[in-house]
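Turn these sequences into a full structure, and let the hints steer you where they fit.
Here are the chains, one letter per residue:
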Amino acid sequence: MPSLGADMEAGTLVEWRVKPGQAVKRGDVVAVVETDKGAIEVEIWENGYVQSLVVAAGSKVPVGTTLATLSVGGVPPGPAAPPAPAVRPATTEAGPTAIAAIPAPAPTAPVSGGEVEPAAGPRASPAARKRAHELEVDLVRVVGTGPHGAITLADVEGAAAKPSPAVPTPTRPEARAPPPRPAPSLDIRRAIGAAMARSKREIPHYYLATEIDLEAALRWLEEQNRKRSVVDRLLPIALFVRAVALSAREVPDVNGFWSNGTFRPSAVVHVGVGISLRNDAGLIAPALHDVDAKPLSTVMKELADLISRARQGRLRSSELSDATITLTSLGEQGAETVFGVIYPPQVALVGFGAIAPRPRAVDGLLGVRPTVNVTLSGDHRASDGHTGALFLAALGRHLADPETLK
Amino acid sequence: MIDDTTIDVTVRDLLSGLAPEADLGTLNPNVDFRPVLDIDSFAFLQFIVGLHERLGIEVPEADYAHLRSLSGCRAYLKEHLHP
Numbered sequence: 000m001p002s003l004g005a006d007m008e009a010g011t012l013v014e015w016r017v018k019p020g021q022a023v024k025r026g027d028v029v030a031v032v033e034t035d036k037g038a039i040e041v042e043i044w045e046n047g048y049v050q051s052l053v054v055a056a057g058s059k060v061p062v063g064t065t066l067a068t069l070s071v072g073g074v075p076p077g078p079a080a081p082p083a084p085a086v087r088p089a090t091t092e093a094g095p096t097a098i099a100a101i102p103a104p105a106p107t108a109p110v111s112g113g114e115v116e117p118a119a120g121p122r123a124s125p126a127a128r129k130r131a132h133e134l135e136v137d138l139v140r141v142v143g144t145g146p147h148g149a150i151t152l153a154d155v156e157g158a159a160a161k162p163s164p165a166v167p168t169p170t171r172p173e174a175r176a177p178p179p180r181p182a183p184s185l186d187i188r189r190a191i192g193a194a195m196a197r198s199k200r201e202i203p204h205y206y207l208a209t210e211i212d213l214e215a216a217l218r219w220l221e222e223q224n225r226k227r228s229v230v231d232r233l234l235p236i237a238l239f240v241r242a243v244a245l246s247a248r249e250v251p252d253v254n255g256f257w258s259n260g261t262f263r264p265s266a267v268v269h270v271g272v273g274i275s276l277r278n279d280a281g282l283i284a285p286a287l288h289d290v291d292a293k294p295l296s297t298v299m300k301e302l303a304d305l306i307s308r309a310r311q312g313r314l315r316s317s318e319l320s321d322a323t324i325t326l327t328s329l330g331e332q333g334a335e336t337v338f339g340v341i342y343p344p345q346v347a348l349v350g351f352g353a354i355a356p357r358p359r360a361v362d363g364l365l366g367v368r369p370t371v372n373v374t375l376s377g378d379h380r381a382s383d384g385h386t387g388a389l390f391l392a393a394l395g396r397h398l399a400d401p402e403t404l405k
Numbered sequence: 000m001i002d003d004t005t006i007d008v009t010v011r012d013l014l015s016g017l018a019p020e021a022d023l024g025t026l027n028p029n030v031d032f033r034p035v036l037d038i039d040s041f042a043f044l045q046f047i048v049g050l051h052e053r054l055g056i057e058v059p060e061a062d063y064a065h066l067r068s069l070s071g072c073r074a075y076l077k078e079h080l081h082p
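Top line first, the protein sequences correspond to chains R and H.
Position 123 of the first sequence, counting from 1, maps to 122 under numbering that gives the first Met the number 0, and the rest follow consecutively.
Position 12 of the second sequence, counting from 1, maps to 11 under numbering that gives the first Met the number 0, and the rest follow consecutively.
Keep in mind the hints are simulated off the structure, nothing from the lab.
Fair warning: there could be bad hints in the mix.
Stated by the list, open to error - If we take Cβ atoms under 10 Å as the criterion, some of the chain H residues that face chain R in the derived model are:
{"id": "1", "residue": "Asp2"}
{"id": "2", "residue": "Val30"}
{"id": "3", "residue": "Asp31"}
{"id": "4", "residue": "Val48"}
{"id": "5", "residue": "His51"}
Stated by the list, open to error - With beta-carbon atoms standing in for the labels, derived distance ranges:
{"id": "6", "chain 1": "R", "residue 1": "Pro203", "chain 2": "H", "residue 2": "Glu20", "range": "47 to 55 Å"}
{"id": "7", "chain 1": "H", "residue 1": "Ala74", "chain 2": "R", "residue 2": "Ala160", "range": "41 to 49 Å"}
{"id": "8", "chain 1": "H", "residue 1": "Glu20", "chain 2": "R", "residue 2": "Thr297", "range": "28 to 36 Å"}
{"id": "9", "chain 1": "H", "residue 1": "Leu80", "chain 2": "R", "residue 2": "Thr65", "range": "36 to 44 Å"}
{"id": "10", "chain 1": "H", "residue 1": "Pro59", "chain 2": "R", "residue 2": "Lys300", "range": "39 to 47 Å"}
{"id": "11", "chain 1": "R", "residue 1": "Gln21", "chain 2": "H", "residue 2": "Lys77", "range": "38 to 46 Å"}
{"id": "12", "chain 1": "R", "residue 1": "Glu133", "chain 2": "H", "residue 2": "Pro59", "range": "19 to 27 Å"}
{"id": "13", "chain 1": "R", "residue 1": "Ala334", "chain 2": "H", "residue 2": "Ala74", "range": "32 to 40 Å"}
{"id": "14", "chain 1": "H", "residue 1": "Asp62", "chain 2": "R", "residue 2": "Leu152", "range": "52 to 60 Å"}
{"id": "15", "chain 1": "R", "residue 1": "Ser228", "chain 2": "H", "residue 2": "His65", "range": "17 to 25 Å"}
{"id": "16", "chain 1": "R", "residue 1": "Ser228", "chain 2": "H", "residue 2": "Ala74", "range": "51 to 59 Å"}
{"id": "17", "chain 1": "H", "residue 1": "Tyr63", "chain 2": "R", "residue 2": "Arg359", "range": "20 to 28 Å"}
{"id": "18", "chain 1": "H", "residue 1": "His65", "chain 2": "R", "residue 2": "Gly20", "range": "58 to 66 Å"}
{"id": "19", "chain 1": "H", "residue 1": "Ala61", "chain 2": "R", "residue 2": "Arg359", "range": "21 to 29 Å"}
Using N, Cα and C, we set each Cβ at its ideal position, and we do this for glycine too.
If you want it as structure tokens, here you go:
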């Protein structure tokens with residue numbers, strides 16, 4: 000079970016996308032795991048053949064649990080062994096939390112470091128699972144009424160008889176009063192809280208701020224968008240993401256990971272982008288890969304795709320674990336300046352506030368320019384104010400000359 | 000000339016896709032729907048792209064301001080869409 004975030008302790012394996020004996024190559028999606036961030040497609044990093052599926056679909060297991068075995072390299076294994084449904088230390092819970100569903104909140108079962116919680120039984124009985132498959136009922140959306148919240152045959156048949164109560168359809172009429180905050184946001188909030196608490200506990204943060212003149216950048220964007228069809232239009236955030244990536248290349252001490260007492264600079268620049276989820280459901284920061292190496296138009300397209308999928312709860316595991324530096328832009332929500340909290344094990348976070356017309360000295364006279372307050376939150380173990388200032392200066396230079404961002 | 004109903008239905012459909020939990024029935028047609036529906040610049044761009052896909056119209060960036068309310072959308076689209 001991969002760790003899909005600094006705060007993640009366990010995940011539910013929802014679906015296998017491969018079978019024993021199947022050939023896989025690096026980057027293939029092999030399973031779907033349910034976390035508080037939604038249904039994440041887990042990619043494999045080796046080439047080889049699937050030997051056996053150790054954890055059965057529907058099981059919730061701690062991070063680090065072996066999910067399947069793989070024979071790496073050329074030769075396919077012999078007659079495929081039937082998948083062993085052994086579930087190693089697993090906590091069961093009443094009703095899994097899918098990001099789109101509004102289930103009852105799961106009771107938290109403590110699992111301390113060295114202990115092994117005895118598995119109280121499968122989360123769904125084999126009969127229930129088989130029936131669910133026959134009736135095309137998604138187990139993730141069924142609330143279990145069996146012992147320890149396990150899903151019974153009756154639960155599956157009941158769920159099949161009525162449409163899923165949880166997924167809101169666009170045409171469903173809503174109550175007049177503001178809708179109550181959906182339960183899944185509690186899990187996200189808890190997860191975010193845990194991550195932020197860890198960050199503040201472990202990372203000695205320092206903060207730098209600067210105001211960047213965006214007159215040239217916004218004019219350039221306007222000119223670009225005049226020539227572009229709606230489907231190719233650019234937003235300022237794409238410029239910000241590119242500028243952060245190129246500046247991180249120039250000041251490597253803000254780009255990488257802190258682990259085992261040292262800073263490990265990253266050879267690549269994967270920019271985490273803070274994305275607010277609808278309905279106050281929280282903020283996640285999935286990564287855009289290799290932003291320093293991609294042209295602006297590509298970055299914009301990938302960003303658009305990432306934001307859509309994040310809001311639908313359909314991200315990939317590499318997007319949740321690969322960011323080497325993160326950017327958060329809360330200007331539209333009204334904040335003038337954002338002092339962010341670094342996502343461990345990263346060592347920096349760049350915050351963008353609202354773009355607004357502000358008084359500025361221009362050629363010795365008072366003028367008004369569109370500007371943005373940009374901050375850098377830095378890990379003082381990996382860099383110091385001097386380095387941070389160099390990064391912000393690089394950022395300012397790139398945004399003043401948008402041609403460098405293409 | 001494209002009729003009012005098609006315009007209204009398309010606009011509401013696109014907006015409810017972007018703000019699935021919202022009650023469009025109570026939305027005041029004359030106010031800026033962006034803060035009410037929590038539609039940021041990214042979602043608004045998706046709306047503009049949606050208009051392009053459904054109604055074949057390319058809205059220049061300079062005209063975005065006209066499309067921030069339901070009534071604004073109806074007036075603008077009616078004017079700019081031809082048979």
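Against the structure, the hints:
no.: 1; hint: Asp2; verdict: violated (21 Å)
no.: 2; hint: Val30; verdict: violated (17 Å)
no.: 3; hint: Asp31; verdict: violated (13 Å)
no.: 4; hint: Val48; verdict: holds (5 Å)
no.: 5; hint: His51; verdict: holds (5 Å)
no.: 6; hint: R:Pro203 with H:Glu20: 47 to 55 Å; verdict: violated (40 Å)
no.: 7; hint: H:Ala74 with R:Ala160: 41 to 49 Å; verdict: holds (47 Å)
no.: 8; hint: H:Glu20 with R:Thr297: 28 to 36 Å; verdict: holds (32 Å)
no.: 9; hint: H:Leu80 with R:Thr65: 36 to 44 Å; verdict: violated (58 Å)
no.: 10; hint: H:Pro59 with R:Lys300: 39 to 47 Å; verdict: violated (20 Å)
no.: 11; hint: R:Gln21 with H:Lys77: 38 to 46 Å; verdict: violated (55 Å)
no.: 12; hint: R:Glu133 with H:Pro59: 19 to 27 Å; verdict: violated (54 Å)
no.: 13; hint: R:Ala334 with H:Ala74: 32 to 40 Å; verdict: holds (33 Å)
no.: 14; hint: H:Asp62 with R:Leu152: 52 to 60 Å; verdict: holds (58 Å)
no.: 15; hint: R:Ser228 with H:His65: 17 to 25 Å; verdict: holds (19 Å)
no.: 16; hint: R:Ser228 with H:Ala74: 51 to 59 Å; verdict: violated (23 Å)
no.: 17; hint: H:Tyr63 with R:Arg359: 20 to 28 Å; verdict: holds (26 Å)
no.: 18; hint: H:His65 with R:Gly20: 58 to 66 Å; verdict: holds (59 Å)
no.: 19; hint: H:Ala61 with R:Arg359: 21 to 29 Å; verdict: holds (25 Å)
Hint violations for this structure: numbers 1, 2, 3, 6, 9, 10, 11, 12 and 16, all remaining hints satisfied.
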